[in-house]
Amino acid sequence: MLEVISRRLLYGFIAVVAASVVVFILTRLSGDPAVLMMPVDATVMEIDAFRERMGWNDPWLVQYGRFAWGALQGDFGTSLRHSQPAFEMVMDHMPATLQLAFTAMAIAIVVSVPLGIITAARRGTWLDGLGQLFATFGQSVPNFWLAIMLISFLAVETRRLPVSGRGTILHLVLPSFTIAVGVIAIVMRLTRTSMLEVISEDYIRTARGKGIPEWRILLKHAARNIMIPIVTIVGLRFGYILGSAVVVETVFAWPGVGYFTLQAIRNADYPIVQASVFVLAVCIIAINLIVDLLYAALDPRIRSDL
Amino acid sequence: MSADAGVTLLPGKVTRPGRDRWRALRILFRNPQGVIGLVLVLVVLVVAFGAPYFGLPSPTRQSLLETFVPPMWAEGGSAAHVLGTDHLGRDVLSRIMYGTRISVMVALGAAIVAAIFGVLMGIVAGYYGGRVDTFIMRVVDVQLAFPLLLLSLAVIAVLGPSTTNLIIVMAITSWVTYARLVRSLSLSLRQREYVQASIALGARDWRVLLRHMLPNVFPTIVALFTFEVARNLLIEAALSFLGLGVPPPTPTWGRMLADGRNYMMVAQWVITYPGLAIMLSVLGINMLGDAIRDIVDVKL
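Residue numbers (the numbering used here), protein chains in the order written: chain A, 345 to 650; chain B, 2 to 301.
It cannot be assumed that every hint is accurate.
Said to hold, decoys possible - So the derived list for chain A, only partly shown, Cβ under 8 Å to chain B, looks like this: (1) V348; (2) I349; (3) S350; (4) L353; (5) L354; (6) F357; (7) L424; (8) S427; (9) F478; (10) G482; (11) W489; (12) A597; (13) P599; (14) Q607; (15) I609; (16) N611.
Unchecked claim - Computed footprint of chain A on chain B, listed as stretches where at least three residues anywhere in the stretch have a Cβ under 8 Å from a Cβ of chain A: (17) 74-87; (18) 91-100; (19) 208-217; (20) 276-284.
Quick caveat, the hints were computed from the structure, so don't treat them as lab data.
Note that CB positions come from ideal geometry on N, CA and C, so glycine has one too.
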């Protein structure tokens, strides 16, 4: 077990290093980071001075070493626009994104897992068909369009819900629901498929033969065994939400990392962009690590071959 | 759902030329969902390739005398603008149809590039195993740890938004899906008798890969490819909605929504129809993908 954990930690560390390399290369993709970050009307001398000040005349390896060393300590330089430490500004926006992601995920799990179990138990009925239809639609609707339509129908016509910003719990309703829709579709489908697989297993038949009530079989015997795929997909989706919340955050002007980073991208404020991509990557790596370890805790069979 | 688990490839299900060639299509036509999906996909393709031949007004022609004309069935609408006009008096239907071209081009292009690279990586990893496999799979794992949408936005901002750059960036973010799936398939294929026999007969690696392994993973790739095109459509729309898609004056679905958002109180139609276009296209492709998946009998 200890060996498994340490191997996973090593993989996680490699991923973090790789993330730092990608983030480092990002600003150099266009050739010259100084030209990229300076205003269009900057003179050649100003650009040269900026390049010298940032240490971008040094060899690449030296530059990367300096960058990685800074990144490890949470130092990504200063925001070009706000003149504040980039890392701290990104961290200031993390709670909003995490709050949104957790709420969306909670809604999604509460809705999708029972729906998946019910549609599996009532396979082939109209209820199942309806569930499948909903899942197909949920996976096909662009979430930013859903967001706009929700705003125009619910919030503006009835004026019940706030449509932008963060503050009260009501502000959380529309953005988290929008994100949850796509997740519900995926988790529900997976729950249904896994459930269908499990209930054809021998031990379920045995339980039925013993005369155990059906709901008890589903909730006690079967539900336990669909935990692994569900935990996996929930973990993966959570990481995905963190990285893609930018769309929904933008529509609802939710002051999260995504919205903040998009503005930084538009302003060519690359220290912020670098910091946030790195921070989010580390979050996702951490989540994947936790999911892997949860596996081992949930299923003794895979403990050895992680 | 690890990629290794549950992927079943039935030996008899590989289409052999000449024998029962139409089996797959017959199954598809028996499935109502598959038929609806196929029809929607055909409509999208016809619109994408035939947009200039429908005799519509130019998608970029502005007319400040004709701003916010409602759809033709609404009060004040006219047959000249079937779905009405936007804030610059441009024809909404025409913009949606021309927007289809860009979306389909980017989504298909990215899916093709990603599929070629991903399949190659996956099949090589599964066939050679050992260090090659470990290395490729590590790269895949690392890539899955990135906030890909945000990173794509940043990369496109640095490189500049163009059709080619969009295709490249989207392909780079999605080849791993193919690689993982194909790897797990080829791991088991490699143990098949006919593959082993071919190796024992002294066939070169590329011959085994191309003649024996690739044809067997192909049906599964087609199913995955379909879903990936749908996903790409959504991503392209999201990128252009956020202002980092193919730049103006080219009409794109995402930018129509981004522009229309400011006017949704006066003109509901400028946001309703582009969104419906995206949703129906993605829905059609997903339905077709579901049907193909059932035929191939694989879990994705």
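Cross-check of the supplied hints:
1. V348: violated, 15 Å
2. I349: Check failed: Cβ of I349/A comes no nearer than 17 Å to chain B, outside 8 Å.
3. S350: violated, 17 Å
4. L353: With a closest approach of 14 Å, the L353/A hint is violated.
5. L354: violated, 11 Å
6. F357: Constraint on F357/A not satisfied, violated at 11 Å.
7. L424: At about 14 Å, which exceeds the 8 Å cut-off, the nearest Cβ of chain B leaves the hint on L424/A violated.
8. S427: At about 21 Å, which exceeds the 8 Å cut-off, the nearest Cβ of chain B leaves the hint on S427/A violated.
9. F478: Check failed: Cβ of F478/A comes no nearer than 12 Å to chain B, outside 8 Å.
10. G482: violated, 10 Å
11. W489: holds, 4 Å
12. A597: violated, 12 Å
13. P599: Given a least distance of 16 Å, the restraint on P599/A is violated.
14. Q607: With Cβ-Cβ at 11 Å, over 8 Å, it is violated.
15. I609: holds, 5 Å
16. N611: With Cβ-Cβ at 10 Å, over 8 Å, it is violated.
17. 74-87: Three-residue rule not met by the region 74-87 of chain B, so violated; n is 0.
18. 91-100: Result for this restraint: violated, n = 0.
19. 208-217: Answer violated; 0 residues pass the 8 Å Cβ test.
20. 276-284: This one holds; 5 residues, not fewer than the three required, reach chain A with a Cβ under 8 Å.
In summary, the numbered hints that this structure violates are 1, 2, 3, 4, 5, 6, 7, 8, 9, 10, 12, 13, 14, 16, 17, 18, 19.
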